[in-house]
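Protein sequence lines, in the order shown, are assigned to chains V and X. The numbering of the first sequence is our numbering, which starts it at 1 and goes up by one. The numbering of the second sequence is our numbering, which starts it at 1 and goes up by one.
Any given hint might turn out to be false.
All copies of an identical chain are treated as equivalent in the list; a pair is satisfied when it fits inside any one copy or across any two copies.
[Claimed, not checked] Straight-line distance between alpha carbons at most 35 Å, and here's what the computed DSBU-like set of lysine-lysine pairs gives:
#1 K115 to K228
#2 K280 to K141
#3 K211 to K442
#4 K228 to K364
#5 K397 to K442
#6 K397 to K115
#7 K280 to K429
#8 K314 to K280
#9 K280 to K364
No lab work stands behind these hints, which were simulated from the structure alone. Here the structure is a predicted model, which is why all the values come from computation and not from measurement.
Number of protein chains: 2
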Amino acid sequence: MAALCSVRSCVSTVTRGLRRYGTPAVAKAVVKSDPLEPDGPFVNTEIPGPLSRELIQELDTIQNTKAVHFFVDYERCQGNYIADVDGNVLLDLYTQIASVPIGYNHPRLLDALMKDENRATFVNRPALGVYPPRDWNSRLKNALLSVSPSGLNQVQTMACGTCSVEHSQKAMFIAYQRRKRGGRPISSEEIQSCLDGRGPGCPNLSVLSFKNGLHGRTMGALGVTHAKWPLKLDFPVPDWPVASFPTLQYPLNQFARENRAEENRCLEEVRERIHAWDRKDCPVAGIIVEPIQSEGGDNHATPYFFQGLQDIAKEHEIPLMLDEVQTGCGSTGKFWAHEHWNLREAPDIVCFSKKMLTGGFYYKDHLRPQEGHRIFNTWLGDPSKLIFLEEVVNLIKEDDLLDRVEDTGSHLLSGLHDVQDRFPGLLSKARGVGTYCSIDVKDADTRDIILHRLRRKGINLGSCGSSSIRFRPTLLLCRSHVDIFMDIFDSVISELHL
Amino acid sequence: MAALCSVRSCVSTVTRGLRRYGTPAVAKAVVKSDPLEPDGPFVNTEIPGPLSRELIQELDTIQNTKAVHFFVDYERCQGNYIADVDGNVLLDLYTQIASVPIGYNHPRLLDALMKDENRATFVNRPALGVYPPRDWNSRLKNALLSVSPSGLNQVQTMACGTCSVEHSQKAMFIAYQRRKRGGRPISSEEIQSCLDGRGPGCPNLSVLSFKNGLHGRTMGALGVTHAKWPLKLDFPVPDWPVASFPTLQYPLNQFARENRAEENRCLEEVRERIHAWDRKDCPVAGIIVEPIQSEGGDNHATPYFFQGLQDIAKEHEIPLMLDEVQTGCGSTGKFWAHEHWNLREAPDIVCFSKKMLTGGFYYKDHLRPQEGHRIFNTWLGDPSKLIFLEEVVNLIKEDDLLDRVEDTGSHLLSGLHDVQDRFPGLLSKARGVGTYCSIDVKDADTRDIILHRLRRKGINLGSCGSSSIRFRPTLLLCRSHVDIFMDIFDSVISELHL
Chain V
1 MAALCSVRSC
11 VSTVTRGLRR
21 YGTPAVAKAV
31 VKSDPLEPDG
41 PFVNTEIPGP
51 LSRELIQELD
61 TIQNTKAVHF
71 FVDYERCQGN
81 YIADVDGNVL
91 LDLYTQIASV
101 PIGYNHPRLL
111 DALMKDENRA
121 TFVNRPALGV
131 YPPRDWNSRL
141 KNALLSVSPS
151 GLNQVQTMAC
161 GTCSVEHSQK
171 AMFIAYQRRK
181 RGGRPISSEE
191 IQSCLDGRGP
201 GCPNLSVLSF
211 KNGLHGRTMG
221 ALGVTHAKWP
231 LKLDFPVPDW
241 PVASFPTLQY
251 PLNQFARENR
261 AEENRCLEEV
271 RERIHAWDRK
281 DCPVAGIIVE
291 PIQSEGGDNH
301 ATPYFFQGLQ
311 DIAKEHEIPL
321 MLDEVQTGCG
331 STGKFWAHEH
341 WNLREAPDIV
351 CFSKKMLTGG
361 FYYKDHLRPQ
371 EGHRIFNTWL
381 GDPSKLIFLE
391 EVVNLIKEDD
401 LLDRVEDTGS
411 HLLSGLHDVQ
421 DRFPGLLSKA
431 RGVGTYCSID
441 VKDADTRDII
451 LHRLRRKGIN
461 LGSCGSSSIR
471 FRPTLLLCRS
481 HVDIFMDIFD
491 SVISELHL
Chain X
1 MAALCSVRSC
11 VSTVTRGLRR
21 YGTPAVAKAV
31 VKSDPLEPDG
41 PFVNTEIPGP
51 LSRELIQELD
61 TIQNTKAVHF
71 FVDYERCQGN
81 YIADVDGNVL
91 LDLYTQIASV
101 PIGYNHPRLL
111 DALMKDENRA
121 TFVNRPALGV
131 YPPRDWNSRL
141 KNALLSVSPS
151 GLNQVQTMAC
161 GTCSVEHSQK
171 AMFIAYQRRK
181 RGGRPISSEE
191 IQSCLDGRGP
201 GCPNLSVLSF
211 KNGLHGRTMG
221 ALGVTHAKWP
231 LKLDFPVPDW
241 PVASFPTLQY
251 PLNQFARENR
261 AEENRCLEEV
271 RERIHAWDRK
281 DCPVAGIIVE
291 PIQSEGGDNH
301 ATPYFFQGLQ
311 DIAKEHEIPL
321 MLDEVQTGCG
331 STGKFWAHEH
341 WNLREAPDIV
351 CFSKKMLTGG
361 FYYKDHLRPQ
371 EGHRIFNTWL
381 GDPSKLIFLE
391 EVVNLIKEDD
401 LLDRVEDTGS
411 HLLSGLHDVQ
421 DRFPGLLSKA
431 RGVGTYCSID
441 VKDADTRDII
451 LHRLRRKGIN
461 LGSCGSSSIR
471 FRPTLLLCRS
481 HVDIFMDIFD
491 SVISELHL
């Protein structure tokens, strides 16, 4: 382990150098976020290459493989670089659909894996709600409460993002009905009827969500998901209210008035939908929204919109629930994206997963279930993921990674603006906060050609919305990586424009 | 690691001895499933003890803790014994709600954790649907397909049991609608309407389930769950058809005629419900059932019932889906509980989790989605769990653990019958397959007193149904453990009866 430990200190030193002295030119020449990382991408075959194609064919005898891009040699991945099974190495700006916080094979995670005191946590998965491990409280504190959104003091772990959303919704439903009972005990009629799935035990309640949102793929999460048809087609889903999410015009400073009007229109729709579902006897028990709609197209709204949304939630005495599964854990330059909004008070629930390595949600006291076994399942998450998360959180703090994200992100965004200005018919709406950036291409086909050519030249990126490219790098991305990307992006776009 | 490896071979040798020569008397004197295991339970405090109570109080500032029994020192757990933080050691016959296959800190799992070639799998969690790891196909084959239920050649991993059920339901809905389309392509109206959660894209479809069943705690899984009110109260759930699950009378051989009539009644209800929901324009797209209703009270039915259920499913051309989350992975003495039934053909879907360490489901070809991203989420499970599962599966085969389960189970069941015969007013309906056993107590309060006193004397057990005790030991439980339990059980019951 000695060699790997020394890598870790290198990472810190180099990074600090970047923050203190870095300019784009210096960064390009000197900075590497990880001495073990390759100097740049290396691609020698089509992607997927012959071995990937063979493995895809084999896997296809076991399950549908149409979403598979290529097979990965995770042992050979390092830092911001992903290695495929055909010997190609790509700069990874998509990172397992935005779920790799500090790069591949980070020495701190490898260290944590090898520590004797962690072994029992890896091999004995507990039923956390009944038999929590000795160090569970301290793990919750060190890994989760140490970065909890201000004002939220309760936390529940879950195995994935979808379950976090489903159980958050349940917390809202429980709180709604408790308030409605006004202190009277649960009736035997409620208890009997709920077992049959009927009222009054199982009431008509809904959650308000937004067009183009994505919150997960189980039934309750699909009730608030509207991003793409393969997610929903053929599934019976609840008929819940859906409002428009703002469609901002860019550049923002030229369209301030129009965008304000658009956000007011969407807020008005929210009010209208809440009343409509009240009239349908299916009252809205809460509002769920992504700080930036991701799968739906990297759609941003201004703080004004979210402040307005919170006002509406408060007027109706219902919780505002933020799905920070993709935006959380630092990639916007703040630990939680909603910290950019200057809300009057904390949101009521914040869900997380992906880069947090464990699913779960923070919530306010008033959403805490009073009875046992209400928010419950066998595992309720996995403590071994909190071992890794604690390392991630500590690294973010020690190495001031949020500052790095902000610096790298501004470099990336200015690069994107630059290319967009040179190819206005092809690219538009370069946008982002931190490294959570994206850019629109004139149509879906062209976007897909660009992504394919980028991959062929060593850049792994993802799509979203109808014709957007989304950047979801690790928190360790530096200006030098951005420069590598921009060179290749420029060449791909230039070739396309010939 | 040398010492630990030698433990492993000891385990095998001793076990083989048991199977070949074991009699109850010999077993009691000689057999220990693991040389590192304590000789028996040791309890020195109330349970929860003072340190557990302190930790519960602390955890209660972060989340509701009403379901917590005690805090566990997982480093000190071994084999079939669970150690709490107060220095107590209990024989664990509940094993994290039936989710520990081969005991605590098993040397094979510890070995697998420490292997260099597994490190990348533990620290880099992939988005399996897009970037599967190099060894993914072989892991699926070695860990999952090597034990797939006969006739099911497709498998999909998931993070937990609930997600396995939800996505199985989706596979059924997709297949149902595809058949209804009769080969015509998906229409633009379907695509548009599904994004709004309306028909025809989101059709009215249902899943038929059984009273007292439990299949999970997200909305779609709650639609088929009817076990206990804390699971469902206050939640909007779909109005889907629910049929009675047989209530068998014991002893079975005395009530053969009555039980057959009861099963026919339940099958008739299934038919009736399918027709009723057809008339409601909410057709049944599939049937879900547990081989043994677990949380609902360890309710058994005979092979005749399940054969009849399969016949009904085939008549209506809908899939039969078995939730083997709790019954799977060997504890009934066969790898899958439905292997006891002699079905005419394989069930269409088999869901798993718990002892399988990963969630997921096996399914037949006709349920395979044709398009990409249909059964999908970010992680789709966790390959590191398959590393452990592969060890579990290999150990089951090498050490003939299914035979051991059968032998230990028959010893346990005969012991339960013996006590029940001596205390007929107190205990009834001793039942089980393999070590998947249970016994009823005259009422819930007495049952809870028994469980509390058992814990105080070193036996950890779980409840289910209204007044049942359920046994969910590891696959390594031996006759000698049963003898330890029976001695203590006998003393608790005798004291109670004084």
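We went through each hint and held it up to the structure:
Proximity of K115 and K228 under a CA criterion of 35 Å is satisfied in neither setting, with 43 Å inside one chain copy and 41 Å between copies. Taking CA atoms no more than 35 Å apart as the test, K280 paired with K141 passes in neither setting, with 43 Å inside one copy and 51 Å between copies. With identical chains, the CA atoms of K211 and K442 are at most 35 Å apart within one copy only, with a shortest distance of 22 Å there and 54 Å across copies. Within a single copy, K228 and K364 get their C-alpha atoms as close as 32 Å, and across copies as close as 26 Å, so both meet the 35 Å cut-off.
Taking the closest pair of Cα atoms, K397 and K442 never come within 35 Å of each other, the shortest separation being 40 Å inside a single copy and 57 Å across copies. When the C-alpha separation of K397 and K115 is checked against a cutoff of 35 Å, the pair qualifies both within a copy, at 22 Å, and between copies, at 31 Å. Proximity of K280 to K429 under the C-alpha cut-off of 35 Å is found in neither arrangement, the shortest distances being 39 Å within a copy and 48 Å between copies. With identical chains, the CA atoms of K314 and K280 are at most 35 Å apart within one copy only, with a shortest distance of 21 Å there and 39 Å across copies.
Taking the shortest Cα distances, K280 and K364 sit within 35 Å of each other inside one copy (29 Å), while across copies they are farther apart (41 Å).
Of the numbered hints listed earlier, those contradicted by the structure are 1, 2, 5, 7.
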